[in-house]
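Residue numbers (this note's numbering), protein chains in the order written: chain A, 68 to 435; chain B, 70 to 367.
None of these hints come from the bench; they were simulated from the model. Idealized CB from N, CA, C, for every residue including glycine. There may be inaccurate statements among the hints.
Beta-carbon label-pair distances, calculated as ranges [unchecked claim]:
(1) B/L176 - A/L160: 39 to 47 Å
(2) A/G219 - B/G227: 51 to 59 Å
(3) B/L202 - A/E250: 37 to 45 Å
(4) A/G166 - B/A96: 51 to 59 Å
(5) A/R93 - B/R273: 24 to 32 Å
(6) A/L160 - B/G227: 46 to 54 Å
(7) A/G166 - B/F210: 29 to 37 Å
(8) B/Y91 - A/R113: 37 to 45 Å
(9) B/R273 - A/N374: 20 to 28 Å
(10) B/A120 - A/D282: 23 to 31 Å
(11) B/V107 - A/T120: 52 to 60 Å
Negatives, chain A to chain B, calculated, CB over 10 Å [claimed, not checked]:
(12) D184
(13) T210
(14) G370
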Amino acid sequence: MPPRAIAAAAFRDLALDPAPAALLDRGGPAQPLLTVHGLRKHFPVRGGLFGRTTARVRAVDGVSFAVRKGETLGIVGESGCGKSTVARLMMRLLRPDAGEQIFDGEAVGEAGGIAVDAMRRQVQMVFQDSASSLNPRMPVQNTVAFGPVAFGARRDAALAAARDLLARVGLDPVLFGGRYPHELSGGQKQRVNIARALALRPRMVILDEAVSALDKSVEAQVLNLLQALKRDLGLTYVFISHDLGVVRWISDRVMVMYLGQVVEIGPAEALYAAPKHPYTRALLASRPSLDPDRRREEAPIGGDPPNPIDPPAGCRFHTRCPHAEPVCSARAPAMAGCDGPGEAELLAHRAACHLHDPSSGHSAAVAA
Amino acid sequence: MSATAAHPPSAPVMAGPRQRGYWGNVAHRLRYDPVSLVFGALLILIVLAVAFAPLLAPFDPYQESIVRRLKPPGYQGRYLLGTDELGRDMLSRLLYGGRVTLLMGMLPVLVATLVGGGLGVLAGFAGGLINTLIMRTMDVFYAFPSVLLAVAISGAMGGGIVNGMIALTLVFVPPLCRIAETATTQVRNLDFVDAARATGAPLRLVLTHHVLGNVLGPILIYASSLVSVGIILASGLSFLGLGVKPPVPDWGLMLNALRQAIYVEPLICALPGIAILLTSMSMNMVSDGLRAAMDVRS
């Protein structure tokens with residue numbers, strides 16, 4: 068059955084479970100759900116007399132990674148490192164300049180692969196700004212029901228399912244279903260956004276700073292809700308955040324980005340316990356400590372990230388790196404193999420740094 | 070899934086105070102808005118009176134008389150609003166004149182709202198080359214003063230009521246298109262449009278469900294303010310002999326003809342202007358009230 072037919076069938080009986088993951092799983096559990104290879108997006112900066120392209124912001128520059136079925140992949144990095152652009156590229160809300168994307172063995176948007184619309188139905192997204200991501204003129208239950216209706220569900224059936232989903236994310240549908248977004252709090256709005264993302268029974272949810280704008284107490288509630296939903300519905304998460312603590316708590320694996328590139332990727336425990344890349348070390352060291360004995364006196368990292376319009380040559384971190392040597396500005400360190408296909412390669416802890424490449428010529432290089 | 074079981078989908082959750090529906094809410098808010106109600110009633114009254122002019126008019130609007138020219142309101146107890154410079158009954162002429170005036174004021178705005186608004190939403194939503202093509206074409210129309218443009222088009226096509234209305238429509242399309250484009254561009258960049266696109270829904274549905282409702286407000290307000298401009302422009306065309314031709318009554322034409330009698334009987338001269346003012350003012354008030362009632366955040 069084509070995915071659309073399965074979707075229509077799933078909406079007809081309208082129980083929340085089973086998730087269509089089992090129906091749609093093609094490659095088995097070992098095949099990554101989503102693989103991204105060489106993803107690139109440069110935004111033109113226009114200026115001059117006729118709106119010529121005078122420069123390019125290298126927002127995402129050659130990003131490769133894979134998301135395994137059922138895991139949570141955390142993506143961390145400073146503001147402007149390209150995290151959100153990666154998310155929008157994965158949803159194809161932005162058109163990538165280069166790179167291929169494979170969803171469960173099928174190339175996205177290519178002949179013989181899976182269509183973008185069909186992929187979007189299986190991959191949903193929760194945005195950071197809970198307020199602006201809800202239509203101000205639509206009762207929230209209609210917002211949740213919009214996707215299923217667009218895919219051919221009957222209106223009343225979709226609304227009933229939407230109210231079920233609202234209940235599932237902890238909002239009483241009788242009380243909240245007919246409300247407009249401005250009548251809800253930030254946490255309630257984000258719950259509606261989560262319900263909306265789940266309405267199409269996706270296999271994967273991209274959470275782009277989904278809890279960053281919430282109060283700490285509400286954030287914890289929503290995180291617990293996300294964990295419960297993941298368990299019950301068999302979801303896969305990509306969790307984007309700048310909050311290192313939250314990412315560690317929720318993620319199975321973590322990917323660190325700097326200036327549009329992946330600098331380190333690995334299992335969360337290994338990466339937090341023994342960060343390999345100097346940037347990751349600095350990032351982790353910059354976390355505020357609650358323990359006065361472990362208070363940090365010196366700044367772990369100096370300066371601001373360089374301008375992504377004209378990123379440094381070689382390793383992009385060399386301008387701020389304490390271990391920088393001539394080789395770092397001459398040659399970009401490589402990181403291969405983090406996008407699969409083997410299980411061992413997926414789980415490997417890797418960093419794009421000359422320090423971990425014995426053949427790099429860096430004086431302090433050690434075997435990885 | 071215990072929460073699901075607690076709320077079976079068949080439960081009568083549609084009951085309750087909040088489930089009035091969108092248009093139910095709008096109607097509810099309008100009922101408690103006296104200004105909109107009063108001006109709405111006035112507007113309906115004007116439209117009905119004009120529509121039933123043959124039944125309501127006490128005299129033939131073309132019946133002239135040398136002896137009873139420019140008589141004040143209440144003359145002989147039969148000429149309720151007096152007579153004009155050719156001795157014709159003002160009330161009858163106002164009732165009949167309103168038919169042409171309202172038609173020329175409202176129909177071009179209505180058509181221009183559909184055409185210009187549609188083009189503007191398309192330009193704003195599509196962006197890129199389509200936006201450039203549509204908006205630069207509109208800029209060409211913008212380069213001419215609106216009166217001049219209306220006169221030129223209507224003159225080229227040979228005058229008359231229908232050609233006048235076509236000319237007015239073409240004059241109103243560019244500004245409405247610009248308003249619609251600006252509003253759509255603003256809405257398009259909000260996250261909820263991206264979220265709707267991310268569901269994989271066809272663009273058509275994203276447009277109708279998430280974009281249109283949020284751009285309709287500014288378009289409607291602007292269109293309603295154009296109705297009074299339309300009435301004035303139409304009378305301008307008539308003055309130049311390009312729209313309505315005398316002796317057919319038209320508020321703008323009457324205003325112009327009575328201009329010369331302003332020192333003799335100022336009240337009579339003011340009557341067509343008062344009619345235009347009341348019509349356009351109630352139009353503005355009603356659309357403003359409608360916009361407020363349609364804003365769910367208020």
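Comparing the hints with the structure gives:
Between B/L176 and A/L160, the C-beta spacing of about 41 Å keeps the proposed range 39 to 47 Å intact. Between A/G219 and B/G227, the C-beta spacing of about 52 Å keeps the proposed range 51 to 59 Å intact. Checked against the hint of 37 to 45 Å, the C-beta distance between B/L202 and A/E250 comes to roughly 41 Å, which is consistent with it. The beta-carbon spacing between A/G166 and B/A96, approximately 52 Å, falls within the hinted interval of 51 to 59 Å.
A C-beta distance of roughly 30 Å is found between A/R93 and B/R273, which places it inside the suggested range of 24 to 32 Å. A hinted range of 46 to 54 Å for the beta carbons of A/L160 and B/G227 is consistent with their spacing of about 52 Å. Between A/G166 and B/F210, the C-beta spacing of about 43 Å breaks the proposed range 29 to 37 Å. A beta carbon spacing of about 40 Å between B/Y91 and A/R113 agrees with the range 37 to 45 Å that was offered as a hint.
In this structure, B/R273 and A/N374 break the distance hint of 20 to 28 Å, their C-beta atoms being roughly 40 Å apart. Distance hint for B/A120 and A/D282: a CB-CB separation of about 59 Å, inconsistent with the stated range 23 to 31 Å. Distance hint for B/V107 and A/T120: a CB-CB separation of about 57 Å, consistent with the stated range 52 to 60 Å. Distance check for A/D184 against chain B: the nearest CB is about 4 Å away, which does not clear 10 Å, and the non-interface claim fails.
Not every Cβ of chain B is farther than 10 Å from the Cβ of A/T210; the closest lies at roughly 8 Å, contradicting the non-interface assignment. Distance check for A/G370 against chain B: the nearest CB is about 32 Å away, which clears 10 Å, and the non-interface claim stands.
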